[in-house]
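Position one of the sequence shown corresponds to residue 1 (full-length UniProt numbering), numbered consecutively onward.
Please keep in mind that the hints were generated in silico from the structure rather than gathered at the bench. The reader is advised that the hints may include incorrect statements.
[Claimed, not checked] DSS-like cross-link-like pairs, simulated, lysine-lysine; straight-line CA separation at most 27 Å: (1) K180 to K118; (2) K149 to K161; (3) K420 to K407; (4) K180 to K121; (5) K298 to K407; (6) K137 to K180; (7) K437 to K420; (8) K382 to K295; (9) K161 to K295; (10) K328 to K382; (11) K420 to K328; (12) K161 to K121; (13) K124 to K137; (14) K437 to K406; (15) K398 to K437; (16) K142 to K118; (17) K382 to K420; (18) K171 to K328; (19) K382 to K398; (20) K121 to K142; (21) K161 to K171; (22) K382 to K298; (23) K180 to K149.
[Unchecked claim] Distance windows between CB atoms, simulated: (24) Q101 to G156: 39 to 47 Å; (25) E325 to G40: 43 to 51 Å; (26) P82 to G40: 31 to 39 Å; (27) R178 to Q304: 54 to 62 Å; (28) K407 to Q290: 19 to 27 Å; (29) A143 to R178: 18 to 26 Å; (30) Q101 to N145: 55 to 63 Å; (31) Q101 to S344: 21 to 29 Å.
C-beta: ideal position from N, C-alpha, C; glycine also.
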Amino acid sequence: MPNPPNRHMHRVGGGDGRGNTDINSAYWKAFVMALQTRIGGAGNDRLFYAAAETNRSIPASEYIPMATTNEFLYNEADALIPLDEPVYNPGNGGYCAALLQYLNLYRVTLTDTHDHDKADKLRKEMTDAIAELRVAKSAALKAYNEDVKNGITAKGQGFPKWCEQNDPSIKALEETMRTKSALFDACQNGDGVASNLNTFRNRVNDAALGAGQNPGICMQCCPEPIGDIAAKIHTPPGQPKPPIAQEPDVSASYWRAAYVLDPTYRGTMDRWSSNFEKSSAHNSINLDIQSAMNKSWKDLGYEQVAAGFDASCAGFIRVGASGMETSKYESAGIEHHQTGVSMSMFWKEMQLFNVKRGTWDVPNVRQTFALPAGHAGTGLGKRAVPTQFLCASGFGLKCVLQGEAKKAFNEAWERQVASKGAASVRICCFGFDACAKYDKKDEQESSTWEYDAASGTITINPTPTFGNAVLLGICCSVVEL
1 MPNPPNRHMH RVGGGDGRGN TDINSAYWKA FVMALQTRIG GAGNDRLFYA AAETNRSIPA
61 SEYIPMATTN EFLYNEADAL IPLDEPVYNP GNGGYCAALL QYLNLYRVTL TDTHDHDKAD
121 KLRKEMTDAI AELRVAKSAA LKAYNEDVKN GITAKGQGFP KWCEQNDPSI KALEETMRTK
181 SALFDACQNG DGVASNLNTF RNRVNDAALG AGQNPGICMQ CCPEPIGDIA AKIHTPPGQP
241 KPPIAQEPDV SASYWRAAYV LDPTYRGTMD RWSSNFEKSS AHNSINLDIQ SAMNKSWKDL
301 GYEQVAAGFD ASCAGFIRVG ASGMETSKYE SAGIEHHQTG VSMSMFWKEM QLFNVKRGTW
361 DVPNVRQTFA LPAGHAGTGL GKRAVPTQFL CASGFGLKCV LQGEAKKAFN EAWERQVASK
421 GAASVRICCF GFDACAKYDK KDEQESSTWE YDAASGTITI NPTPTFGNAV LLGICCSVVE
481 L
């Protein structure tokens, strides 16, 4: 697997509250707007994040171990995204880690349960049971010693065996004492809450330590249609449709399950994308840069995104070379030009695929293990967590440059050619980190790109995420930690 591209997003100053002077941000808004035309906008309860800097291939084929796929998928789906960012950025801590942090804050005490009277009563009952057992055992032991002395009972028989045969009340009193002690301990620990908490905490901790085997995030092979292109899963003639993958039963084996992603899901997605690859369907949409320049992130449904947010680090198209970290790529300078740039995306079909969690659901955890009133919790507040992946088959990007914008890109390109050679030049556009098409040596490269210098046309062909499906974005819901 190639190294993941840089995921650190930077905010830039400038802008008048609507981003009019931040042309670079406008390109990102146009990209998000184009995707939103296919799946609907963002809102308070449903947010959409462009995949951006995470756009790379999830390794998934019959030749790749499922655990490898799972590790990548876990890292993608385990993200916690601040509400003031419109771009999917898994560098802000994980969902599973946040739950563990929350559970570690929880302490079960009598102060929490406010049940001192019950504890006092059970303590007395336990103390009385212990005293009664002590008196009964003392009397029984005296009788046992007399029997041994008189030869009635063999010395090797032992006191416990003698009690079973001669004084059954001892066993009953021992059972009563154990029951009273257990009830008192349970009360002290919140009537079983502490035991449940420890079990749950251990499971979450196991999951956090073994992301590749984490069952906390399960994928369902249940597709949802998008707009007017209601995609359907095709099954080869004569073969029955596979059943929808159900979440495993909650059990010890489930918590330590070998895989997060059910094989049925992967097979379904591969089959979906492969069939559409053979179809003649073709869709495209132009990125409306001019409209985006007059839009704020709030206009697009992102209530808490600050003006001037820039998700691209240093330009929505950056130029670098093989061996360089993506963060070191230089801006192509295109974002400094309001004209001479046209951008479009093309695809065959789009599909939403659900991300289904197990019992790591935050509201359920908060209800089961409620912190005392006034407790600040983890301090993370509200965050977005992935609920669906937006994927497209036959996806690509095309950028046509003219005039000064073309000149700026050519200069950046030529600098890298002079330094590293044409075959080594790479570009990053909307997070798709691409190598030159004729230099593709590794099947796991994220994308390839071609440049027609005469026409100023850049074409980017991403390596698929599943089959021929590329991950474009993530639909999220809001949780409070």
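Here is how each hint holds up against the structure:
For a cut-off of 27 Å, the pair hint linking K180 to K118 stands: about 12 Å separates their Cα positions. As the CA atoms of K149 and K161 are separated by approximately 17 Å, the hinted pair is consistent with the 27 Å bound. Under the criterion of a C-alpha separation no larger than 27 Å, the hint pairing K420 with K407 is consistent with the structure, at around 20 Å. A hinted pair counts as satisfied when its Cα atoms are at most 27 Å apart, and K180 with K121 qualifies at roughly 10 Å.
Restraint check for K298 and K407: not satisfied, since their Cα atoms lie roughly 34 Å apart, outside the 27 Å limit. With a C-alpha separation of about 18 Å, the suggested pairing of K137 with K180 holds against the 27 Å cut-off. Annotation: proposed proximity of K437 to K420 holds, straight-line Cα distance about 16 Å (limit 27 Å). This hinted pair checks out: K382 and K295 have alpha carbons roughly 25 Å apart, not beyond 27 Å.
Of the supplied pair hints, the one linking K161 and K295 is violated, its CA atoms being roughly 86 Å apart against a limit of 27 Å. Annotation: proposed proximity of K328 to K382 is violated, straight-line Cα distance about 32 Å (limit 27 Å). Only pairs whose Cα atoms come within 27 Å are accepted, and K420 paired with K328 is accepted, the gap being roughly 14 Å. The suggested pairing of K161 with K121 is violated, with an alpha-carbon distance near 33 Å, which exceeds 27 Å.
Only pairs whose Cα atoms come within 27 Å are accepted, and K124 paired with K137 is accepted, the gap being roughly 20 Å. For a cut-off of 27 Å, the pair hint linking K437 to K406 stands: about 20 Å separates their Cα positions. Note on K398 and K437: the hinted pairing holds, with a Cα-Cα distance of about 15 Å set against a maximum of 27 Å. Between K142 and K118 the alpha-carbon distance is near 37 Å, which puts this suggested pair outside the 27 Å criterion.
For the given pair, K382 sits about 45 Å from K420 by alpha-carbon distance, which is inconsistent with the 27 Å threshold. A hinted pair counts as satisfied when its Cα atoms are at most 27 Å apart, and K171 with K328 does not qualify at roughly 76 Å. A distance of roughly 37 Å separates the Cα atoms of K382 and K398; the hinted pair therefore is violated under the 27 Å criterion. A hinted pair counts as satisfied when its Cα atoms are at most 27 Å apart, and K121 with K142 does not qualify at roughly 32 Å.
Distance restraint check for K161 and K171: the Cα-Cα separation of roughly 11 Å lies within the 27 Å cut-off, and the hinted pair is therefore satisfied. Of the supplied pair hints, the one linking K382 and K298 holds, its CA atoms being roughly 18 Å apart against a limit of 27 Å. Annotation: proposed proximity of K180 to K149 is violated, straight-line Cα distance about 35 Å (limit 27 Å). Hint check: Q101 to G156, Cβ distance near 58 Å, so the stated range 39 to 47 Å is violated.
Our hint of 43 to 51 Å for E325 and G40 is violated, since their Cβ atoms are close to 35 Å apart. Look at P82 against G40: about 22 Å separates their beta carbons, and that is not inside 31 to 39 Å. Look at R178 against Q304: about 55 Å separates their beta carbons, and that is inside 54 to 62 Å. As the Cβ distance of K407 to Q290 is approximately 21 Å, the hint placing it in 19 to 27 Å holds.
For A143 and R178, the hinted distance range of 18 to 26 Å is satisfied, since their beta carbons lie about 23 Å from each other. For Q101 paired with N145, a C-beta distance near 59 Å keeps the hint of 55 to 63 Å intact. Q101 and S344 have their C-beta atoms about 43 Å apart, which leaves the hinted 21 to 29 Å range violated.
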